[in-house]
Amino acid sequence: MTDGRTTAVAFHNVSKSFGAKQVLRDVSFDVRAGEALCILGRSGTGKSVTLKLIISLLKPDQGEIWIEQDEITCLKAPELSRVRRKMGFLFQYAALFDSLTLYENLALPLHRLTDKSPEEIDFVIDRVLGQIGLAGDKRKMPSELSGGMRKRAGLARAVVLEPRILLADEPSSGLDRITASEIDALLLEQKAQHNAALIVVTHDVRGARRVGDRIAVLDRGTLIAYGTAEEIDQSENEIARELIRSDGNGD
Amino acid sequence: MSNVFEIAGDVSLFGYRAITSLFRRPLEGEEIGRQLAEVGSKSLPLIIPAGFALGAVLTLHTRSALVTFGATAWIPTVQAFAFFLEIGPLVTALLVAGRVGSGIGAVLSNMRATEQIDAIESLSVDSFKFLVVPRIVACTVALPILTLFLDFSGLLGGFLSEYAASRLSFHLYISQSFASFEWSNFYPPTLKTAVFGFAIGTISSFLGYTTNQGAQGVGRAATRSVVISSLLIIVLDVLLIKLIFFIFPESAL
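Protein chains in written order, with our numbering: chain A, 1 to 251; chain B, 1 to 253.
This is chain A alone, in the form it adopts within the complex (with noise of 0.2 angstroms):
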């Protein structure tokens, strides 16, 4: 506990790897709720491994995860879900379910994870989709939105049951800025409007700027730099501070 926040993820010590390849070493940072972790680097540096460990799809071989006051890498699965119940997940390509429409695939974890009626399921998708800016798109197919709509729907997923830890997995890969913009501006939204632990893996070095309150820099696994944009911007390590001031989005 910090400044009177409490720890909503802390990853102590932790360790991954596929194989021979070592894709995480020792890793330790911590995100308290209502703040803003984006986690930067190059590709294959291990950000979106460090998502999927704290959403428990993968399991470390070291090291321990906390989600709030449960330490996950030993939980069997009826407790680890109760413990994914506290986190929405955007993914890269958001990853919507392209069988069933966009209420569907938001409905689904209402559905089954709530006792909330049909007309109170209907109340809530629709208040989601209105503020994504999706509303009159809930009867569309997944492959008929554009790649900005998908990210958007990907988001009212995550969100549509009030998580106090939202991951994001690139949000604005694939996009142009003006829509990357408004996704950033949307994970901001939701950060405040519940006082979510929000954390953000990116290559866009503009967007962690603006959505993050600190700022993890990994490179081949290893966490280089860790602290606000502008201790960043005075990090001793050259690859961070080089990371950090270049300005195009790394896509």
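Hints should not be assumed to be uniformly reliable.
Here are the simulated EDC-like pairs of lysine to aspartate or glutamate, each with C-alpha atoms no more than 16 angstroms apart in a straight line [what the hints assert, rightly or not]: (1) 52/A to 118/B; (2) 86/A to 70/A; (3) 76/A to 126/B; (4) 59/A to 118/B.
Per the computed footprint, the stretches of chain A lying under chain B, defined by three or more beta-carbons under 8 angstroms from a beta-carbon of chain B, are [what the hints assert, rightly or not]: (5) 68-77; (6) 101-112.
In short, the hints are calculated from the structure, not lab data.
C-beta atoms are modelled at their ideal positions from N, C-alpha and C, and glycine is treated no differently.
Keeping the supplied structure of chain A fixed, place chain B upon it in accordance with the hints.
Below, chain B without anything else, positioned relative to chain A:
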């Protein structure tokens, strides 16, 4: 060779997990219904014409052989036995392996490649229970029903072929078909088709659900689903006939 045993072990464990998951809540009735419609009703346009054509062709061949012995009256009986005992279950299973097995393999591997399965897990939904179990149940339940459709469409094709040759009445054809039939002849092959359905559902789901080769794995999972399911069906057919004759000796005429 050890790799084959390893895969066989993994598939067996996968099937066992599906059976044990089936009775855990939520029961996924809605999803099972959706998959039953997908496997069942959408396979009928393939199954019925195939059965009809096979029935007509089989009667033509049988007639030319039985005419020599003056035994054309046995054509309906031969046709019924051939379809209900062997042709129906085997051909239906092979057709379903081609149509449905490839579909399941492709859909699940595509969902894996596009992170849809990860998305289901991230929503606290058991993806195995939600995606795999309904598909295996649907294949297991639908195959015996589809087999009956193929059997009866085969009989109809056989009748029309025989009617064209001898003007045999439909009533006489049907009564001749089932004159020597007993229930004990009927339920072992039906049970066999449920085993075929379980095998198709399990193998194609296993190959789709466990793929980790991205987009490239989608085509591979679809092809391997058909090839391995078809081979296994033929091998299982031999083993199950032996087992049926052992458990139901009256079936071994």
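Just pull the numbers of the violated hints for me, sorted ascending. 5
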